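Protein chains in written order, with our numbering: chain A, 16 to 480; chain B, 16 to 480; chain C, 16 to 480; chain D, 16 to 480.
Don't take every hint at face value.
[Stated by the list, open to error] Some but not every residue of chain D turned toward chain B, in silico, with C-beta under 7 Å:
#: 1; residue: A143
#: 2; residue: G145
#: 3; residue: I149
#: 4; residue: N150
#: 5; residue: S378
#: 6; residue: S380
#: 7; residue: L383
#: 8; residue: Q406
#: 9; residue: V415
#: 10; residue: S418
#: 11; residue: H442
#: 12; residue: K443
#: 13; residue: S444
#: 14; residue: L446
[As the list claims (entries may be wrong)] Here are the simulated lysine-lysine pairs, DSSO-like style, with alpha carbons at most 30 Å apart:
#: 15; chain 1: C; residue 1: K376; chain 2: B; residue 2: K84
#: 16; chain 1: C; residue 1: K413; chain 2: D; residue 2: K111
#: 17; chain 1: D; residue 1: K114; chain 2: C; residue 2: K438
#: 18; chain 1: B; residue 1: K370; chain 2: D; residue 2: K413
#: 19; chain 1: B; residue 1: K421; chain 2: A; residue 2: K26
#: 20; chain 1: D; residue 1: K26; chain 2: B; residue 2: K376
#: 21; chain 1: B; residue 1: K363; chain 2: C; residue 2: K38
#: 22; chain 1: B; residue 1: K90; chain 2: C; residue 2: K31
#: 23; chain 1: B; residue 1: K363; chain 2: C; residue 2: K84
#: 24; chain 1: B; residue 1: K31; chain 2: C; residue 2: K38
#: 25; chain 1: D; residue 1: K161; chain 2: A; residue 2: K26
#: 26; chain 1: D; residue 1: K92; chain 2: A; residue 2: K28
#: 27; chain 1: D; residue 1: K26; chain 2: A; residue 2: K92
#: 28; chain 1: A; residue 1: K92; chain 2: D; residue 2: K413
#: 29; chain 1: D; residue 1: K413; chain 2: A; residue 2: K285
#: 30; chain 1: B; residue 1: K285; chain 2: D; residue 2: K38
#: 31; chain 1: A; residue 1: K381; chain 2: C; residue 2: K438
#: 32; chain 1: B; residue 1: K161; chain 2: C; residue 2: K31
#: 33; chain 1: D; residue 1: K161; chain 2: A; residue 2: K27
#: 34; chain 1: C; residue 1: K424; chain 2: D; residue 2: K26
#: 35; chain 1: A; residue 1: K459; chain 2: B; residue 2: K443
#: 36; chain 1: B; residue 1: K375; chain 2: D; residue 2: K381
#: 37; chain 1: B; residue 1: K28; chain 2: C; residue 2: K241
#: 38; chain 1: A; residue 1: K363; chain 2: D; residue 2: K77
Hints were generated in silico from the structure; no laboratory data involved.
What you are looking at is a predicted structure, and each value in this text was computed from that prediction instead of being measured.
For glycine and all other residues, C-beta sits at the position ideal for the given N, C-alpha and C.
Protein chains: 4
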Amino acid sequence: MSNKLWGGRFKKKTDKDFEEFSKSIHYDYKLAKYDIMYSLIHVVALEKVGILSSGESLKLVKALGEILKDVKTDKFKPDLRSEDVHTEIQNRVEKKLGKLAYKLHSLRSRNDQIVFDEKWYCLENGLAIGKLIINLIANLFFLAQKNEGQFIVGYTHTQRAQAVSFMVYIMAFNRMFERDDERMERFCNNLFAYIGAGALAGSSISRKNYKEAIKEFFKQDIRAGKIKPLENALDNVSDRDFILEFLSILAITQMHLSRLAEDFILYASKEFDFFQLPEEFCTGSSLMPHKKNPDFLELVRGLTGRIYGNLTSVLTTMKGLPLAYNRDMQLDKEPLFSSTETVKDELKIMAKFVKKIGLKKDSISKALCDESLYATELAEFLVYQGVSFKQAHDLVGKLVQYSEDKKTKIKDIPDRILKSFHKKLDHKSILRIMNPHYAVSSKKSLPQHKMISRRLPKKKTRKNK
Amino acid sequence: MSNKLWGGRFKKKTDKDFEEFSKSIHYDYKLAKYDIMYSLIHVVALEKVGILSSGESLKLVKALGEILKDVKTDKFKPDLRSEDVHTEIQNRVEKKLGKLAYKLHSLRSRNDQIVFDEKWYCLENGLAIGKLIINLIANLFFLAQKNEGQFIVGYTHTQRAQAVSFMVYIMAFNRMFERDDERMERFCNNLFAYIGAGALAGSSISRKNYKEAIKEFFKQDIRAGKIKPLENALDNVSDRDFILEFLSILAITQMHLSRLAEDFILYASKEFDFFQLPEEFCTGSSLMPHKKNPDFLELVRGLTGRIYGNLTSVLTTMKGLPLAYNRDMQLDKEPLFSSTETVKDELKIMAKFVKKIGLKKDSISKALCDESLYATELAEFLVYQGVSFKQAHDLVGKLVQYSEDKKTKIKDIPDRILKSFHKKLDHKSILRIMNPHYAVSSKKSLPQHKMISRRLPKKKTRKNK
Amino acid sequence: MSNKLWGGRFKKKTDKDFEEFSKSIHYDYKLAKYDIMYSLIHVVALEKVGILSSGESLKLVKALGEILKDVKTDKFKPDLRSEDVHTEIQNRVEKKLGKLAYKLHSLRSRNDQIVFDEKWYCLENGLAIGKLIINLIANLFFLAQKNEGQFIVGYTHTQRAQAVSFMVYIMAFNRMFERDDERMERFCNNLFAYIGAGALAGSSISRKNYKEAIKEFFKQDIRAGKIKPLENALDNVSDRDFILEFLSILAITQMHLSRLAEDFILYASKEFDFFQLPEEFCTGSSLMPHKKNPDFLELVRGLTGRIYGNLTSVLTTMKGLPLAYNRDMQLDKEPLFSSTETVKDELKIMAKFVKKIGLKKDSISKALCDESLYATELAEFLVYQGVSFKQAHDLVGKLVQYSEDKKTKIKDIPDRILKSFHKKLDHKSILRIMNPHYAVSSKKSLPQHKMISRRLPKKKTRKNK
Amino acid sequence: MSNKLWGGRFKKKTDKDFEEFSKSIHYDYKLAKYDIMYSLIHVVALEKVGILSSGESLKLVKALGEILKDVKTDKFKPDLRSEDVHTEIQNRVEKKLGKLAYKLHSLRSRNDQIVFDEKWYCLENGLAIGKLIINLIANLFFLAQKNEGQFIVGYTHTQRAQAVSFMVYIMAFNRMFERDDERMERFCNNLFAYIGAGALAGSSISRKNYKEAIKEFFKQDIRAGKIKPLENALDNVSDRDFILEFLSILAITQMHLSRLAEDFILYASKEFDFFQLPEEFCTGSSLMPHKKNPDFLELVRGLTGRIYGNLTSVLTTMKGLPLAYNRDMQLDKEPLFSSTETVKDELKIMAKFVKKIGLKKDSISKALCDESLYATELAEFLVYQGVSFKQAHDLVGKLVQYSEDKKTKIKDIPDRILKSFHKKLDHKSILRIMNPHYAVSSKKSLPQHKMISRRLPKKKTRKNK
């Protein structure tokens, strides 16, 4: 560590192993953009309290602007000998401006900077994830629409339950992702960065000066509203709620992705045989020449471990920490970045993936011929004929059992026997009721005209139609 | 299990051990209130589609009302031989009305009922927890106000950092709890129960009929708005997002409680000696006669395990479940109830606890004499004199080191030597700067007039003044 | 709390809510047996140092013996007003013997007792779980043996991979459970209880006296060896490693159970259709009359959440606790008991369950006709003919693709075309190689004579033969 | 991915994003050493079954040996376009030997290789961690011995409890680490790698051939014993127990480290003031010039999140996976490597750290003057005088309270008043009993001659004396 932001009272050199151990530059460099933003606002504030002359301020803004440009054009390669991103940027300014750089770190603390940086990271990535979710929703909707009118077997307990429309099946996942998107949107709406907490006790720059500095920096940019006047300095530097909330939201999204993956893995098996998966997202076996494995879906399912683990990690780290900042908190970043990047990758690839899924319609049709799928409709038919539900349930249960024992289809049972189960039962009504069309059309509780997702941008859905 | 809601097709008796293993009545009886509410709405809907006559409907409403009354007056003792709360209520209706009861379970499924019940449980408990948080905030504020004007040592890294006002210290925790309350409020605002999903495929009762049934049931009750028309049947019966969100919110609240507990444990130690804990919440030792232990705070800290564990539990259970309902989902209730009841107890007792904390002002004053607490103020003083921060930081670091080496107070260092560190330093300025009054009053970034909590009901805060 | 083991210095009554909150009697009463054992040894030790006369000692032993008898005959109903099991037993002795009871709690601490009790709980339950695992292994082996000579489809990635013998398939689970059993056995072998740690600092009773007391108490009982002389008092009262180790072992066992459950759920689906599950362990649907759901397996899979959550819980609670005992540690018991009882129930029912599984041999045979299952054997045949594996892999991959495209079986492809893929390929060799008998018998790396479990008691396995 | 180990039947190119997403080369290259070891054994086996001529075998051994040398001399830079380490090594062999390389991957599968590789990783790192633990134990022992005869305050509930010897205090941590070491040793002793499982179904190479190949490869090397004949092929490729066990062991070690860290953070605070931490392992503040923060200890405490999170991660991933191999399992490696490397770093630095801790003996002595520390000894004194413990406990509790109320030391209370508490109490006995020498020497249950660690190598401990 060539250049530290501290050390006046230290006589001994930092132990090399510990120095490596405690560094964060190899991952927190990802926050450079936000850290520079903080510094740019801070320069304005320092000028206001007279610590910087307007000339000095101008030079600092220019130097910081140059570094920011490097970041944005991907030319920012951090010096891995720096302790952290704050030190790295400070060093770069020093290289450009010499001793003037020393004034930049007046009246502020890395404790305050880091929480500012992380909040902006969450904000920007929260918005990006929202967009990726919307895109996945659109592509799932595309898959459903491409197969409009298609029915599919609905399961409970991994046992065939009732026939449902494929659209409703797909839209079940879209409802999950819509909630994820809404949750993320609410999170972003309610997330605000604060400025001026110092190390823990506040700063001598007034709230008024900070407000003006923010205003001058952002000008008309609506993002100005995301920085609010400080509410509590001790709380601000030790608050990691937003990271836990962000990781919790991602954990729920990941859970949804794991369920989608599980269903699709099953549907792509030889046994279910409902889906043809796109080869571009499958792999083979180094030993078994015939294999086409749903690796993407398996990795998505398996990544649930990582995403849950990252949440556990930060929750554990934050347990029982005394006020205010503690170095333990440095360890929030790797799990945050890991979950963010992982979920973004999954969403991005999943959207491409689902669009290319093919339906094996013959195989699905064959499964839909399973009469037990319509037992419920048959029981409900009897209920509308005045039979109590318990009785109807018993009776149809026995009819199903009879057909299994006799290895015959219910529709092939002669009226005489059907009527011995219940007088209202006959071949004709069986035919009418025990099929997917009747099953689906008899469900009046489902929305008819709201099939398309609420979260989908209007234009997009229109185009899809 | 005397009486099951299924079994028509089953020839063999359920294994006794499995029956015990799979039961949920011993905990899900807590949902009876909400389950009856669902049934009452359902009765209206069944009448609308002609499955119940108005006479039958009336009888069912009366019977359900009687059971509800038992629940509300704590007279509802579930028969532990029942499989679950739905069966239990069904059986009670049957005992009252005989075969008419059989019609009650028409066109609906326990899959749909249970998610309805759990959502109302979350809603009611979410509101209750909000109130308990507000109460804790009020009592923490009371503690702070009782000690107005008091300073305290602010820590980072469990090392003395800077002097802060005791009000700001306490309000740091209040800020945390305010966010918890806001988070819970947002959760409740965005939580809606749906009706009519059947087992997974929807119901033959129309949306219109459901809407009217809800309207007729609730009349003017604003809670009517918390039941919305079904959006997706498969999703509805397999959605447990709200439980995960609820448990995540509680996990963050619990983390805050653990931090409060940790700080207060430290402050109650002989070494810190800042707090006198109320004896009513401490215990002694069976061996060591002198002990007065902060057991309540330790239990609160330790309970973090339970609350995190419950979140892990439901996250794990939900991983990779295929659509739609699976029996695994039954296992969401015990963690939900456990976290809810635990956090409610903690909040309730903590509120009483904090009100009775005494400050050991002599001991705190002694700690505030530690001059290193004001090193930052001294450095910033130099900055305002034109010294660059880096230089000021170095210089004060060396001055602190000097005073430690010489075992002398900085305020006792003669001007001659002070000036050798920097010409602007002298005894007079040291005296002016290195004390808590200056330290706190020089912080201009803190809010001055918003000390009281935003979440506190107006009246209460006024009374407290 | 009528009667506490502490309180001399306390002036205020304990807050009622806190008293309820901090109690453990409603669950730690399960440790009564072990707590009395500790007391019985302690009485001997107290006599040795002269604190008890031999007459007093005799009376205490008698009183404790009576309570122990109540515990063993299930007549021990704890008074829920007691703080914990130690207090409860102390109170009972007091009721029997009056003031003499006061001497019983000399020179020891609940901190020491509780860790002793918990270790014995783990020991006894560890052994019991070992037996349940062995029983499950035996029953799985029974299932395999009942179906000797049966083949089944082996999967990777939930895609058909290669044919394997059903025995090997079942024995894969038995290998997992064998490791669990071995792990538990090692745990029990290496677990020792200590005595004499006091609250944290040790006791004035000498090691020699303790050793003799243990010897006199246990006489020839081999369990005497499980109590060792104290190694470190501070460590002993704050050690919860054994609980974490126990919960980790159970977590791995639970993971195995979840995998077994998942496989069997799939195999019981209409789509795989390999298994007929025993009706006694299934349930139906309250709405869908035809359903027979694998609820037991789903609950086992879902319980993974509980078992993982309990491990997370105690790990979290133990994080960062200062030495020595802290009240947080009280919270280790509920997760410990919960995981222990849950896994015991699962193992017990699973053993009964697997024994009654029926194989749907027709359906399995049909699946085994899938030629792609033998692609690997075909490739390896070519390798033995001198083809490099990469080439053989490519070539068979293309052959599989060809047969899929042409919708023909490989065995129906004329020799002419086969030979165009590779000259060594012909109808005859295809027939010989592409079937489960060849596939299984060509695997020379598998053990032939060690099919039976190493962990199965000799007699049992012999009988099974 | 220039060169894959599969793909014969694939017509479409792998999607670029998915390819990146699914790669593991950027971390599994760490397994190269073990993967080559597997290959070297495999070459011998392939020769035995005639697939390789002895000339081919020799060439392959030479090529693999060259790659191994690169790995050992840190010259192995993996091509990040490779899919995984197996592919990377295959490609390198191909570059060296052309088509002969194609024969290397005969009759084996990456499913089998990876589990072999990971087991050796665990073995080697398990041994390395054992050594690091022993080293930490030695250095903690060094710290204790350097301060022989020193007493320190013993705490329970973070409240002063009883005086203990500093040696016993430090040895409490050593007992924890001894258990960690023993646990790891047992783990290594019971870990065996298997060979010949193929993808899931076994291999056509006989057990005898494998055994001979292992023997020929290892010659006299005792590590030969760590590879055992295959027990079950399906189990072998899907077994990750050893990783979960390894991560559980590390989680317990990490818990111990977090407790050590917490204690030392407290003891380094101005309030406790027992320890002088080595500056080389502390850092300062960028804002507050006086700060010397225990960052290393805080990071250790905070890393508990990472280590617990990694365990949660793999447990979650493994939940409910069907037999046999699934791609999800690829995700076990990053958590495994992360926990291994983290704990190694912590142990290594902690060992250096503890050796340099200085005791602030004046400050400790002052704390040891607190008379309440000896209340227990006083009560026990009375017990030996025939007072029942309950009475003695009450009485001393009141005496402590009296001295607190009167703000007087117990040793300054006149005999007259002492005797009013109990006739056996007087100034002389108070002086004799209420001091650390008496307190520590009266504890007869502690081992006297086994202070040194059982796990410490004999020579080392002798030298330390």
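Hints and how they fare:
A distance limit of 7 Å between C-beta atoms decides the matter here; for A143 of chain D the minimum to chain B is near 30 Å, and the interface restraint is violated. Residue-level restraint check for G145 of chain D is violated (minimum Cβ-Cβ distance to chain B is 29 Å; threshold 7 Å). This hint is violated: I149 of chain D has a C-beta 30 Å from the nearest C-beta of chain B, more than the 7 Å allowed. Among the interface hints, the one on N150 of chain D is violated; its C-beta lies about 27 Å from the nearest C-beta in chain B, farther than the 7 Å criterion.
Nearest Cβ of chain B to the Cβ of S378 of chain D: about 10 Å, over the 7 Å cut. The hint is violated. Against a cut-off of 7 Å between C-beta atoms, the interface hint on S380 of chain D is violated, since the closest Cβ of chain B lies about 15 Å away. Taking 7 Å as the C-beta contact cut-off toward chain B, the hint placing L383 of chain D at the interface is violated, the least distance being around 12 Å. Of the supplied interface hints, the one on Q406 of chain D is violated, with its beta-carbon coming no nearer than about 11 Å to a beta-carbon of chain B, more than 7 Å.
Because the closest C-beta pair between V415 of chain D and chain B is about 4 Å apart, less than 7 Å, the hint holds. The criterion of a C-beta within 7 Å of any C-beta in chain B is not met by S418 of chain D, whose closest approach is roughly 10 Å, and the hint is violated. Interface hint status for H442 of chain D: violated, as the beta-carbon distance to the closest one in chain B is roughly 19 Å, over 7 Å. Annotation: interface hint on K443 of chain D violated; nearest CB of chain B at approximately 21 Å, more than 7 Å.
With a least beta-carbon distance of about 16 Å to chain B, the hint placing S444 of chain D at the interface is violated under the 7 Å criterion. Because the closest C-beta pair between L446 of chain D and chain B is about 18 Å apart, greater than 7 Å, the hint is violated. Distance check on the hinted pair: K376 of chain C and K84 of chain B sit about 55 Å apart at the alpha-carbon level, beyond 30 Å; violated. Between the alpha carbons of K413 of chain C and K111 of chain D the distance comes to roughly 28 Å, so the proposed pair stays at or under 30 Å and holds.
Our distance criterion of 30 Å between C-alpha atoms is met by K114 of chain D and K438 of chain C, whose separation comes to about 20 Å. A threshold of 30 Å between alpha carbons decides the hint, and for K370 of chain B with K413 of chain D the separation of about 27 Å falls inside it, so the pair holds. Proposed proximity of K421 of chain B and K26 of chain A is supported: the alpha carbons are some 16 Å apart, at most 30 Å. A distance of roughly 79 Å separates the Cα atoms of K26 of chain D and K376 of chain B; the hinted pair therefore is violated under the 30 Å criterion.
A distance of roughly 16 Å separates the Cα atoms of K363 of chain B and K38 of chain C; the hinted pair therefore holds under the 30 Å criterion. Taking the CA atoms of K90 of chain B and K31 of chain C, the gap is about 24 Å. The hint holds against a cut of 30 Å. At most 30 Å may separate the alpha-carbon atoms for a hinted pair to count; K363 of chain B and K84 of chain C exceed this at roughly 40 Å. Between the alpha carbons of K31 of chain B and K38 of chain C the distance comes to roughly 33 Å, so the proposed pair goes past 30 Å and is violated.
Distance hint between K161 of chain D and K26 of chain A is fulfilled; the C-alpha atoms sit about 24 Å from each other, no more than 30 Å. For the hint linking K92 of chain D to K28 of chain A, the alpha-carbon distance of about 33 Å lies beyond 30 Å, and the restraint is violated. For a cut-off of 30 Å, the pair hint linking K26 of chain D to K92 of chain A is broken: about 40 Å separates their Cα positions. With a C-alpha separation of about 68 Å, the suggested pair K92 of chain A and K413 of chain D falls outside the 30 Å cut-off, and the hint is violated.
Among the hinted pairs, K413 of chain D with K285 of chain A is inconsistent with the structure: their alpha-carbon atoms are about 79 Å apart, more than 30 Å. For the given pair, K285 of chain B sits about 56 Å from K38 of chain D by alpha-carbon distance, which is inconsistent with the 30 Å threshold. With a CA separation close to 40 Å, the supplied pair K381 of chain A and K438 of chain C exceeds the 30 Å bound. With a C-alpha separation of about 25 Å, the suggested pair K161 of chain B and K31 of chain C falls inside the 30 Å cut-off, and the hint holds.
About 22 Å separates the Cα atoms of K161 of chain D and K27 of chain A, which keeps this hinted pair within 30 Å; it holds. At most 30 Å may separate the alpha-carbon atoms for a hinted pair to count; K424 of chain C and K26 of chain D meet this at roughly 21 Å. Restraint check for K459 of chain A and K443 of chain B: the C-alpha separation of about 84 Å exceeds 30 Å, so the hint is violated. Distance hint between K375 of chain B and K381 of chain D is fulfilled; the C-alpha atoms sit about 20 Å from each other, no more than 30 Å.
Annotation: proposed proximity of K28 of chain B to K241 of chain C is violated, straight-line Cα distance about 44 Å (limit 30 Å). Under the criterion of a C-alpha separation no larger than 30 Å, the hint pairing K363 of chain A with K77 of chain D is inconsistent with the structure, at around 44 Å.
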